[in-house]
Amino acid sequence: MSTDTNELSVHASGVEITGLRKSYGSNEVLKGIDLNVAPGEVVCLIGPSGSGKSTLLRCVNLLEQPNGGTIMVGGFNVTDPDVNLDKMRQQVGMVFQQFNLFPHLTVLENCTISPIKVLKRKKAEAQKVALRNLERVGLGDFGDRYPDQLSGGQQQRVAIARALSMEPTLMLFDEPTSALDPETVGEVLSIMKNLAQAGMTMLVVTHEMAFAKEVADRVFFMDGGVVVEEGKAVDVIGNPQQPRTQDFLRRVLDPTHVDI
Amino acid sequence: MAMTTRQRARMSKTIQIAIFIIAIIALVLAVDWNKAIYAFFSFDKLGPMFPGMILVGLKNTIFYTIISFAFGLILGLLLALMKMASFAPYRWFATAFIEFFRGIPAILVLLAFGFGLPQAFGTQWPQPVNVMCALGLVSAAYIAETLRAGLQAVPKGQTEAARSLGMPAWRAMVTIVIPQAFKIVLPPMTNEIILLTKDTSLAFILGASMAQYEMTKFGRDGISQIDAGITPLVVAGLFYLVITIPLSLVARKFESRAAKTKR
Chain E
1 MSTDTNELSV HASGVEITGL RKSYGSNEVL KGIDLNVAPG EVVCLIGPSG SGKSTLLRCV
61 NLLEQPNGGT IMVGGFNVTD PDVNLDKMRQ QVGMVFQQFN LFPHLTVLEN CTISPIKVLK
121 RKKAEAQKVA LRNLERVGLG DFGDRYPDQL SGGQQQRVAI ARALSMEPTL MLFDEPTSAL
181 DPETVGEVLS IMKNLAQAGM TMLVVTHEMA FAKEVADRVF FMDGGVVVEE GKAVDVIGNP
241 QQPRTQDFLR RVLDPTHVDI
Chain F
1 MAMTTRQRAR MSKTIQIAIF IIAIIALVLA VDWNKAIYAF FSFDKLGPMF PGMILVGLKN
61 TIFYTIISFA FGLILGLLLA LMKMASFAPY RWFATAFIEF FRGIPAILVL LAFGFGLPQA
121 FGTQWPQPVN VMCALGLVSA AYIAETLRAG LQAVPKGQTE AARSLGMPAW RAMVTIVIPQ
181 AFKIVLPPMT NEIILLTKDT SLAFILGASM AQYEMTKFGR DGISQIDAGI TPLVVAGLFY
241 LVITIPLSLV ARKFESRAAK TKR
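So the sequence lines, in the order shown, correspond to chains E and F. Oh and the first sequence: position 27 is 27 in this note's numbering, straight run, nothing missing. Oh and the second sequence: position 260 is 260 in this note's numbering, straight run, nothing missing.
Honestly, I wouldn't trust all of these hints.
[As the list claims (entries may be wrong)] Residues from chain E that face chain F, not an exhaustive set, calculated with beta carbons under 7 Å:
#1 Asn61
#2 Arg89
#3 Met94
#4 Asn100
#5 Phe102
#6 His104
#7 Val118
#8 Met166
[What the hints assert, rightly or not] Here are some chain F residues pointing at chain E (derived, C-beta under 10 Å):
#9 Arg91
#10 Pro155
#11 Ser164
#12 Gly166
#13 Met167
#14 Thr175
No lab work stands behind these hints, which were simulated from the structure alone. The beta-carbon is built from N, C-alpha and C at its ideal position, and this holds for glycine as well.
Start from the sequences and build out the full structure, keeping to the hints where you can.
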């Protein structure tokens, strides 16, 4: 465990996905996915665009409604029609590619609005938690700013602090660095790494192979709506067995390479 | 004798100005100024119109505008949400309502409330209620479309982020989407209120008691009771501007503030 004095106690929960299916009309984008994440584990989903990674992630907190299969998060059966959706989502933090900060609220208000309105926390208490999380992402002095006054990397760090302020037991990251300027990617990744070391359960869709290799416990390579290859991060990224994985990684890791 | 392009442009401008000046002179000479001033500007004879024009007319115009807008806003918001609902019959109802009340003249709705309801149900509502309902229904149709456009202009990611933070759908709507939509709909909504202010002039058709007169009614009575041409109507018109121009200014101030901060 990290020795960071700024540490939050993390109560982590796992994810169990079995036989997950999702179609848009006749287009089946998830063709029976099985995926387990143990409490405190970090799992990265990699693969070409259109492979279904983001859809899979969005099914976990039901931003997309699956057509089949089951998803268990902590004690919640997400796919049960009677599940208390809002209670479940309070435990699942989500970070989006486009940040989706609330532009009409200050940075601090972004982090306190849901704890106050949904968890019914007292304002002072919510602000204390929010400030601690903003400090954790290195933005303790930015509480009074508005999102449009921040750089992309700073906005994404606020988005992480906002999600953490709900004290989730699982964090979902949907390509969190894909919309960032290259020089701000590192600051977001390093915060995610700290979070992983603190013991948070994380499911991350990413194109950052170095991050996946270093931080993830396991990596799933998806293509065409199925899991093609899964295993320890070093194995899947360092020594892929499947031709499709090898082909994808060759193109991602060496973009100028052309097969003749 | 060839002219350069610039010379030709200057010549054209000179001719336009000349025509304009000649037209003005012709108008000034043609008009019988004594009659015109009598018809439009006999302000000195309007004593009998005051202070009723202000204490009753202006007050009632503002009052009718506010109650009609309040009713129209609530109903319009409801219709906008219905039009975006996933339950199809809600959408059908909202669409039918909007198309109907947007498509017929407001005066017909007003007449229906003033004369139709008493015959159909044997109830006679007070004039303010009739005006509020009739103009409220009509403006709700317009407001609904304005609000729907505004709500849909807020990026979908905002709702997704709010829902991901555990907010129920209504809470995400109230706390996150509506405040952002408000800034988007401010300019068209100002238009809506100004149109509504003018539409309250239709209330005269319901022939109310003196205490319920609005400004147009005062103007019309003024023509028949005072020997001042249509000056009473000119005054009524000026008083509408007294309401609508400050409204535009306030809205513009709001807008420029919103534009400056981009939020």
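To see whether the hints hold, each was checked on the structure:
| no. | hint | verdict |
| --- | --- | --- |
| 1 | Asn61 | holds, 6 Å |
| 2 | Arg89 | holds, 5 Å |
| 3 | Met94 | holds, 4 Å |
| 4 | Asn100 | holds, 4 Å |
| 5 | Phe102 | holds, 6 Å |
| 6 | His104 | holds, 5 Å |
| 7 | Val118 | holds, 5 Å |
| 8 | Met166 | holds, 6 Å |
| 9 | Arg91 | violated, 20 Å |
| 10 | Pro155 | holds, 8 Å |
| 11 | Ser164 | holds, 4 Å |
| 12 | Gly166 | holds, 4 Å |
| 13 | Met167 | holds, 6 Å |
| 14 | Thr175 | holds, 6 Å |
In summary, the structure is inconsistent with hint 9 from the numbered list given earlier, while agreeing with all the others.
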